[in-house]
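Modelling step: build the complete structure from the supplied sequences, incorporating the hints.
Top line first, the protein sequences correspond to chains S and F. Residues 1 to 306, numbered by this note's numbering, are exactly what the first sequence covers, in order. Residues 1 to 306, numbered by this note's numbering, are exactly what the second sequence covers, in order.
There may be inaccurate statements among the hints.
The calculated EDC-like cross-link candidates involving lysine to aspartate or glutamate, where the alpha carbons are at most 20 angstroms apart (straight line), are [stated by the list, open to error]: (1) S:Lys158 <-> F:Glu176; (2) F:Lys158 <-> S:Asp263; (3) F:Lys129 <-> F:Glu176; (4) S:Lys285 <-> F:Glu176; (5) F:Lys285 <-> S:Glu195.
Keep in mind the hints are simulated off the structure, nothing from the lab.
Number of protein chains: 2
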Amino acid sequence: MSAAALPSWNDGVARAAILDFVARVTQEGGVDFVPPAQRIATFDNDGTLWCEQPQQVQFYFARQRLEALVEKDPGLKTRQPFQAYLEHDMAAIKDLGKKGLFEVAVAVHAGMTEDAFANYARGWLAKTKHPKLGRLFKELVYRPQLELLEYLRTNGFKTFIVSGGGIDLIRAFAEEVYGIPPEQVIGSSVRLHFEMQDGRGVLMKEAELNSFDDREVKPANIGLHIGRRPIFAFGNSDGDLAMLRYVRTGEGPRLALLLHHDDAAREFAYDREFRFSPLAEALDKADEYGITLVSMQRDWKRVFDD
Amino acid sequence: MSAAALPSWNDGVARAAILDFVARVTQEGGVDFVPPAQRIATFDNDGTLWCEQPQQVQFYFARQRLEALVEKDPGLKTRQPFQAYLEHDMAAIKDLGKKGLFEVAVAVHAGMTEDAFANYARGWLAKTKHPKLGRLFKELVYRPQLELLEYLRTNGFKTFIVSGGGIDLIRAFAEEVYGIPPEQVIGSSVRLHFEMQDGRGVLMKEAELNSFDDREVKPANIGLHIGRRPIFAFGNSDGDLAMLRYVRTGEGPRLALLLHHDDAAREFAYDREFRFSPLAEALDKADEYGITLVSMQRDWKRVFDD
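Now the structure itself:
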């Protein structure tokens, strides 16, 4: 089985670590056996499961919606943080940070019902292409990771996403693309409130942040949503480090992986300087923290589906 | 199959409604067919799945912990809301309400790690008996509901708890007793923060409320945790009404059920006057809202396991 598993992964340290880990935790009677109910695996999304360059998809999603809103309310053009996004002022956007990006997304989607947002997001994802790679965003998911998700599930794991991106945007495609149902998606979120509208109960999105699911908040949200420590985690930036260390420092067998984007030819090469989610501390301390580095260039036979 | 299903339920309107609903949503090619991924069922816990009289279990749990803390810090004896609980001052406790009860639980468990809390709760549930019925709290679950949970899962449903009780206390027994894993438990919660302690990542419980999962907050938390509208819900008080209406007013086949505790002989009889979770509006408007009433006395052949 191992020979056929993960066909888009090259033989090497990372693939071997995955195969060895899964073999150990599924070996009944073995010293490292983990019952299926405890086989929880958590994945970051942006840059771990799909492409986040040159901008995170959330950026394009919010900006397109923002442009539509400006036609109705031209005053937004001179109001921050909207102005920075409308004018593509990258210095200002960098200053606003990943949280600022999410706050724009919050503002432009406030007042929609959850159902309306989901329809809007699905429609957007069904037609919107990456500006440089020319393919639908939802096709720019990493083939080796799709295989890994499936491989883990085949071995009794329950797979979750734990992302700094908006929880609803991810839920709009995660089931179709990753095989991960909405209830296994954790992400940044706005407050919701329930109300009756014309006899129908609806959830309204408010303009207020509920949770910005980054860094130390990721393990805290794992506690809230999952309620037990995962045994496997995969990330690609310092924003994932707390989650990786939370998972890695539990008792028993553990595997924490970190994707290094070092493949300018097939995707992008970036780490310390990426504006929203730099990879620096996690790269420098991976050994010390027991985190296994995955090199896109070296460890992946291919990146996207052809 | 139907003849053997739900053996602890008497033939009647409620049992027939459940069997009919499940038959319709699982009938492939039928007009009411619902794909398995969308078969989400949510249950309240206190008074719906287990006994909440004469006090909710949360009450006994927090009070025992409070008494232990008083030995270390006698000053708590004269500080509210602790004093009311220590002196069994029922008038003051009623004024504090269900949220006050939860806030006492918050205060007495702050500063514990999630792991330590889970161990403490499991130990407490393994030994603590109901003061009147003389059995372990975790044995005072309703046999007809255990059958219903299992029946739904057998028919492809995913079963969730959505409770005003503390999420961690429920997670400490829900898998063993209800077959519901921690990630399918939603409840009231405190804020958690992640930190490293002696090289180990832990989640610490703070003294601050994150969510009091009652009334309109229940559907909002369903939106956050599950991300799609359930098609089936079961409650027993006005605290569940928003959830029941949210579920009932979605498109397609829907079933919302409400347990009426009208059985003083086998359990307890109460509705409008129950101090923490009265059943009044939901009882008066069940017909108007399309909610099916379940009478404990009439619809259940037995209540607890012998």
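- Violated constraints from the hint list, given by number and in increasing order: Per hint list: 2 and 4 violated.
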